[in-house]
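Asks: The listed protein sequences derive, respectively, from chains A and B. Positions 23 to 266 (the working numbering) are the ones given, in order, by the first sequence. Positions 12 to 295 (the working numbering) are the ones given, in order, by the second sequence.
These are calculated hints, taken from the structure and not from any lab test. Bear in mind that the values here come from a model prediction, so they are computed numbers and not experimental data. The beta carbon of each residue, even a glycine, is placed where N, CA and C say it ideally should be. Please note: incorrect hints may appear among the correct ones.
As the list claims (entries may be wrong) - Derived pair list, reagent style EDC-like, types lysine to aspartate or glutamate, alpha-carbon separation capped at 16 Å:
id : chain 1 : residue 1 : chain 2 : residue 2
1  : A       : K226      : A       : E34
2  : A       : K109      : A       : E80
3  : B       : K67       : A       : E80
4  : B       : K67       : A       : E158
5  : B       : K62       : A       : D162
6  : B       : K67       : A       : D201
7  : B       : K62       : A       : E81
8  : B       : K235      : A       : E158
9  : B       : K235      : A       : D162
10 : A       : K78       : A       : D162
11 : B       : K62       : A       : D201
12 : B       : K182      : B       : E103
13 : A       : K109      : A       : D201
What the hints assert, rightly or not - From chain A, some residues computed to sit far from chain B (all C-beta separations above 12 Å):
id : residue
14 : E34
15 : A48
16 : A58
17 : T134
18 : I136
19 : P161
20 : A174
21 : A182
22 : A247
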Amino acid sequence: MAGSTSIQPIAELLADRYMAQHAGPAVEVQGGGSSAGIRAALSGAAEIGMSSRQLKPEETGLKEYLMARDAIALIVHPGNPVRSLTKEQVRGIFSGRVQRWEAVGGRSGAITFITREEGSGTRGAFEELVMGKETEIAPDGIVQDSTGAARAIVATDPDAIAYISLGMVTPEVAAIALDGVQPTHESATDGTYALTRPFLLLTKGEPTPKARAFLDFVVTPESQATIAEEGYIPVKPAGRGSGA
Amino acid sequence: MKTKEWLIEKTLLLMALSAVAMLALIAIFVFIEGTPIMAREGLGHFLLGRKWAPTKGSFGIFPMIVGSVWVTIGALVIAGPLGLACAVFLVEIAPRKVADIVRPAIQLLAGIPSVVYGFVGIVVLVPLIREHLGGPGLSVLAASIILGVMVLPTVISISQDALEAVPRTYKEGALALGCTHWQAITRVILPAARPGITVAIVLGLGRAIGETMAVIMVVGNAVKVPAGLLDPARTLTSNIALEMAYAGGDHREALFATGVVLFMFIMLLNSLAALRFGRRRPSP
């Protein structure tokens, strides 16, 4: 299996568990990003593709299996007094219309916003959930190619804001509320926090028996409990296999 | 015995050719992958376009070209004088004991992985720039400083060779005519070594423009033409490295085309260096 670097850590963990319990062929997990995962599944390079964003209309021919959901948190420096933004304000910041912290209730200062590179699943999900169809992320924002780098900058820059996976938020940065809802495991699970994205496993047509066995393993109660422990949102077994 | 010699010679020739063949293969591959989109988009649009939104069909790499040029010039402004001064010191002034310590230290500088430079940049340099000079810290200036340090070993060691290649008689003649040591350095040795020093600078430029990892970490990667030293920018190399993992279709081709442009830049610099190398022997 190959694809999203956001899914990769949890997929590796589950693959290890799976291999410990089942004899037989090994499960190999590779990164590469959501788009690469979708391509790998389509081309047959990977038996299972991993995507941390919804498929685009033109990406057809794949069966989707929902493995978990993940919340995207907006993070700022812990010293930044702003602790809540509306979706509209966030859209303003990342589209370049809002450039000063005082315009969104903060202290005086220019906003440095940090985005991810084109093609990143996290960016894709953020564009879809926050920016919408009409607004684009402004090209003059800082671009970093990993969650870690984005977090490191926010941890040292009092004027920075970035978006990262909720599971990756550490105490060096502060996750802020969106439309008044603090991103937590609970608010993301019950759906009150709006910024969540699916972790999808993809197969081209019917999965091979080997892939089928792993896909079944991922939605067992034990695996789903592991997913919850790692900070992601488990899915109920009923919610899987939505089909392409 | 004869056949054995023949065999060894031919094997060595084959190995030497394989290195050239690899270069040719890479060049051919990059050009085949990269040129179609340049033709489709129009070379002018591609090179001078200011909008880069590859997933939405805009492929303008002008901001990246400007970014690369700025960062590279910045690196040379730092590494040029510093490197030359260091080479002059090592060759002409330093006592042996000092030179024996400084020389290996400089070689060590060349051995540090670029990701370590980038890490130091993001943790130490970027916050310093942000606090004392303003802006987001991730900037042309940060990348220039990091790159300047990274190309120092190249500039120093080649300038050193150039200085050492100046015949001793030149210096002795100058001293005999009553020059001080400093006058001999500035009036005789440096002018005589100038072609070699130019080569050092040009090869340093080549190394700076091709560096990727450290630059990605500190330059900010924003797709816009930087308005000043404190603005973030994106270089040609960081554009390729950032997006290649995800890219497909036209996007991927556009990244290869970025590679073609980078290739041209480096070819140009290296042929410039080769030209100067030809005239390396100091003329009286």
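Asks: Report holds if the minimum CB distance from A58/A to chain B is greater than 12 Å, and violated otherwise.
Replies: Violated: least Cβ distance 6 Å, not greater than 12 Å.
Asks: Check the hint pairing K226/A with E34/A against an upper bound of 16 Å on the C-alpha distance.
Replies: Roughly 21 Å separates the two Cα atoms, so the pair is violated.
Asks: Does K235/B pair with D162/A here, judged by a C-alpha cut-off of 16 Å?
Replies: Distance ~6 Å between K235/B and D162/A Cα, so the pair holds.
Asks: Hinted pair, alpha-carbon criterion (16 Å max): K182/B, E103/B. Please report holds or violated.
Replies: holds (10 Å)
Asks: Could you let me know if the closest chain B CB is still more than 12 Å away from the CB of A247/A?
Replies: The claim holds: A247/A sits with its nearest Cβ about 32 Å from chain B, beyond 12 Å.
Asks: Checking one constraint from the list: CA of K109/A to CA of D201/A, max 16 Å. Satisfied?
Replies: With Cα atoms ~6 Å apart, K109/A and D201/A stay inside 16 Å; holds.
Asks: Does K62/B pair with E81/A here, judged by a C-alpha cut-off of 16 Å?
Replies: Violated, at about 25 Å.
Asks: Quick check for students: does the CB of I136/A sit more than 12 Å from each CB in chain B?
Replies: violated (9 Å)
Asks: Hint check: K78/A vs D162/A, CA-CA at most 16 Å. Holds or violated?
Replies: violated (26 Å)
Asks: Would the least Cβ to Cβ distance between A174/A and chain B come out above 12 Å?
Replies: violated (6 Å)
Asks: Are K67/B and D201/A close enough, with their CA atoms no more than 16 Å apart?
Replies: violated (29 Å)
Asks: Given the hint that K235/B pairs with E158/A, does the C-alpha gap stay at or below 16 Å?
Replies: Between K235/B and E158/A the Cα gap is close to 15 Å, so the pair holds against 16 Å.
Against the hints set out earlier in the document, violations occur for numbers 1, 2, 6, 7, 10, 11, 16, 17, 18, 19, 20 and 21.
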